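Residue numbers (this note's numbering), protein chains in the order written: chain A, 12 to 858; chain B, -4 to 326.
In short, the hints are calculated from the structure, not lab data. Predicted, not measured: the structure shown is a model, and the values here were computed from it. A portion of the hints provided could be inaccurate.
[As the list claims (entries may be wrong)] If you want the footprint, here are the derived chain A segments under chain B, 3+ residues with CB under 8 Å:
id, segment
1, 164 to 170
2, 229 to 235
3, 306 to 319
4, 342 to 350
5, 381 to 388
6, 728 to 740
From the three backbone atoms N, C-alpha and C, an ideal C-beta is built for every residue, glycine too.
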Amino acid sequence: MADSIQERGILPNSLPRPAGEKEQLLRIWSTPPGWRWITAVNNTVVGLLYLGAAFAFFVLAGLLALVMRTQLAVPENDLVGQDLYNQIFTVHGTTMMFLFAVPAMEALGVLLLPQMLAARDLPFPRLSAFAVWAYIIGGGVFFSTVFYGLAPKGGWFMYPPLTLTEYSPGDNADFWLLGIGFIEISAIAGAIEIIVGILRTRPPGMSLDKLPVFGWSMLVFAGMIVLAFPAVILATMFLEIERSFGWPFFTASLGGDPLLWQHLFWFFGHPEVYIIFLPAAGLVSMIVPTMAQTPLVGYRLIVVALIATGFFSFGLWVHHMFATGIPALSTAFFSAASMAVAVPSGIQVFAWIATIASAKERFRLTTPSLFVLGMLFIFTVGGLTGVMVAMVPFDWQAHDTYFIVAHLHYVLIGGMVFPLFATFYYWAPMISTRRLSERLGKWSFWLIFIGFNVSFMPMHVSGLLGMPRRVWTYSEASGWGPYNLVSTLGAYLIGIGVVVFIIDLVRNFRVGPCGEPNPWQAGTLEWLPTDLYSTRSIPHVTSREPLWTQPDLPEEVDAGRHYLPNAPTGARETIVTSVIDAKPQYVIQMPGNGWGHLLAAVFTAACFLLLTIKVVVPALICGVLAIACCLVWVWELDKGPGKGPVPIGAGITLPVYVTGPTGHGWWAMVILMLVAGSLYLAYLFSYFYLWTVSPKVWPASAQSLPDLEWPALSASLFIAGAALFALAQKTLAAPGRKPFWTPLLIGSGALSTACAVGVAIGCHWQAGLRPTASSYGALVYMDGVLTGQLVFAVLIMSLFVIARHFTGKLDRVRSATLENTNLLVYYAVAQGLVGLLLIHGFPRWLL
Amino acid sequence: MKTVSRRWPKLILAIALITAVAGCSGEQSALAGFGPVASRITLLTWIMFAAAVLITVFMGLLTGLAIAGPAGWRRRLAGEKSVMWGGVVFPVATLSVLLFYGFSILNAGERLARAENPVHIAVVGEQWWWRVIYLHGDGRTTESANEVRIPTGRPVEIELTTADVIHSFWLPTYAGKVDMIPGRTNRLHFAVDKPGIVRGQCAEYCGGAHALMAFYAVAMAPADYDAWLAKEKADAQPAARKAGERLFLVSGCGGCHTVRGTSADGKVGPDLTHVGGRVSLGAGILPNTPDSFAQWIGRHQKLKPDNLMLPFDFFSESELHDLSAYLKGLE
């Protein structure tokens, strides 16, 4: 219907627009004045805060790099002592990876995606705001430890047993685990937001094959976070539990294995590199066509390459472990896989070159272009050295030397930092009243580009001359001195380049409506005229570069002639469209600014921090407060169908409330279940891995296992719990009625699953098994911990849903809260049953 | 700390060195590549390095042509066809060749691992030094520290384990590196064809003094090696002057260190039976001179922070002199 209207040249809404429409939009989307802006959730405010914080961490970690380079400038230097140096390189690596690279990309997702999709906001604005505040507080505390000597010093990879209490007493390592645990949660929250945002809030007509490449790259990015981060979450849980309670996951003498950490860490850590690189590649794929004024060559090839990179990247992790003495056959496999990943990168590089070559006139050499070209050179070199280290015999020499330091900085600075600077210069006019200076930008580019190569090129040589990584000093006789001095000078050049950029930022960056709406003559929607509410109306899209193929679009959109030019429910809203072909489905009612998510972030941070320094009671109080704040925050989310349906133009009337697989909440819950599933898969991997390493600590016979009655009882309780929740949903009453059985069914369902976990754990305790005795015991109890935390969430959500029932906010129509709770219940029960089968079945029937 | 100005000539030299890559002669250089294992890797390194330079230049040229080349060239580069050739066909072809070359090197390494009659040496990584145990054919062993001596012309098998955290035994000039991991025994195989002294270092970050955990490898002609090993197996020669030995024993040094032939039989620290004959002290960080002994005993926490030796800063000058003379005499 909408398409035929477009074809006839009729726009969805007619002129003149009613008076006061725009003012209402402005009022609804306004940011609170003064210091109360911290309660804001609008994606431009939150995204900018996110990006600013990430950039601040980049500068801070960069300063640490300069301290290290100064220390290494000459042999036998004593500027920074051994202990501080070890802290500095740990914090530098951790900050750059966890507090800068991933958050910066998520920040760009939050900031740019809604604009590229002409959505008013991402579907879960408070979730992104929560993620940002959690990240700023957790990251800030983590980084500050370097100032009072409490910083971790186990390296950003934190290999046990060096990081176990025996070799790392003190709270230093715990601060790493805390900080990273926090960032992991925040990254996953952001990933859920980004996936649902890309799949469900595209403008009408923007089918998946018209999605800007940055959207595709963020989709792969977020998908990879969902699959990869749980592995490191599990690893950090293992390590913290072993440090605090002595469950021996990594202690070889008790059946653990330090290599388990390395497998889990690199199963996350290698995809992490592509998690950082892919969005940056997506950004480059947006900038190059604009500067060439021609559509991207090989759009489909690039999308396939992005997905292929994501896929391959999960098969490479062992190439970080070639020197651990693993069997030759597996090194050969991972060597081949590591080379295969070069192909999708090659496709992208050649697609950019092809686009540059097909430029309408000539490729414009602006500051963003220069950073892109710099990226092409540096990333190519990094890719080539990557192929070198994928060769196992060469890696036996290069591994853990400065050659690797050079390689990884070529890949990450080339693949991510240069595109990021291109992004700053390219997209600044979207949110700033003034463009950044082309003159200062070019200075900044040449300083950073030359400085980078002067600094890191010699490291290839010093590494092959025998200089290992993570050394705070080296002898005069080694002959590495001159190379290091050159590297240090280069590092200072990079520093000056960054200072020039900051000067440019201070002089020219002013948040506000832009003087030039589309200064680069780009083709995508983020260059439509916008205000606080994003675009005045949501355009109907018919091509990949709508601004090039529909030249009148900016004017039409700004006049309010496309979809939803107003706020029919009187609050924040945007259009939700179907996953593949972007047909309008419903209008989502979104929450506005608030304190709940902000305080939830503060108390969550306080809880974790207090736990780290082992102040248990206040920590628990903060934990309770955090949960309470979360409940306050989500209480307003399910607004019900009361204000719908509403017209959005072109004769389309949409509901304002949906449940089931159409709803955005359902999607978020399903992705969260994927996260939990990845976590559990990582656990299953750990279980079988440790069994292959130390089968001797597994029970030799069924006699030492609890009797079969116990798992049978636990399984029955799990199944009963799921059935009770299902029944509760089936028997929801019509609106306005509050039958007594609804809370009764929900409550007893929750109790049943809680008892199921209790029985599952208790029977092992009664059988005499202790988690500290062996890795087997630790894994058995860990299964209980993983399912127990889900059941804990189920308990909280059940109380929440029961409260909704008593306040008349839960009925047959308004059932989203119970529906989402049930999804989690079914998942928890399924995981619980798999756990019972594993823990009781594997040693009983398969050993 | 040395002044920076003195280093400017060195800087210029360094730039010359980078272009000439003249660093091949360093005692810890992977580019020096002595012996069958390391030399194969060195050759691989140079081949890959040359290919990488060529490809980088080629990519630079293509980018230049794409930006400012003649219209014909730009047209040729502009289609999806160039993406398929450059991004798929070319990397798949070159990488396949490289991969099989890599496998052939791995295979050669496997053959060496199966070689007969190798020299057996066990090395145990400790925070932050190396326990070295020579395993003789008759089941007996001889312990030493921070130095591996090997005969030329025979395959060498080094058994790698750790006493605490993960370390990595890296001997760039003769072989690559292999990690030392709790609960596992790894093996490193190589052979050396001519006598020489090279340096190796711990490559896996192992906490505190990781930067100061090095060792020397001494390759000797077979006859020299046999003579040296016979001497190494034997107990320490009785001290010429007894003052140092007495001081060593009464100060409790024997609680941690062994000097075979005396009452010192501690197992915690390095075996010192023939410490005077080693190339270095403190795990590769000091030259082996009497003065180094005095330095180490008096201020080892300054020289190697966090090392696990107890403080012995109470000796007088003359006592240090006696001790140093005694230890240096343990050849």
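Do the hints match the structure? See the list:
Restraint check on the segment 164 to 170 of chain A versus chain B: 4 residues with Cβ-Cβ distances below 8 Å, three needed, restraint holds. Counting residues of the segment 229 to 235 of chain A whose C-beta lies closer than 8 Å to any C-beta of chain B gives 0; at least three are required, and the coverage claim is violated. Only residues whose beta carbon comes within less than 8 Å of a beta carbon in chain B count, and the segment 306 to 319 of chain A has 4; three or more means the coverage holds. With 5 residues carrying a beta carbon less than 8 Å from a beta carbon of chain B, the segment 342 to 350 of chain A meets the three-residue requirement, and the given coverage holds.
As drawn, the segment 381 to 388 of chain A meets chain B at 3 residues by the rule of a beta-carbon pair under 8 Å; at three or more, the given contact holds. Counting residues of the segment 728 to 740 of chain A whose C-beta lies closer than 8 Å to any C-beta of chain B gives 0; at least three are required, and the coverage claim is violated.
Consistency with the previously given hints fails for numbers 2 and 6, ordered from lowest to highest.
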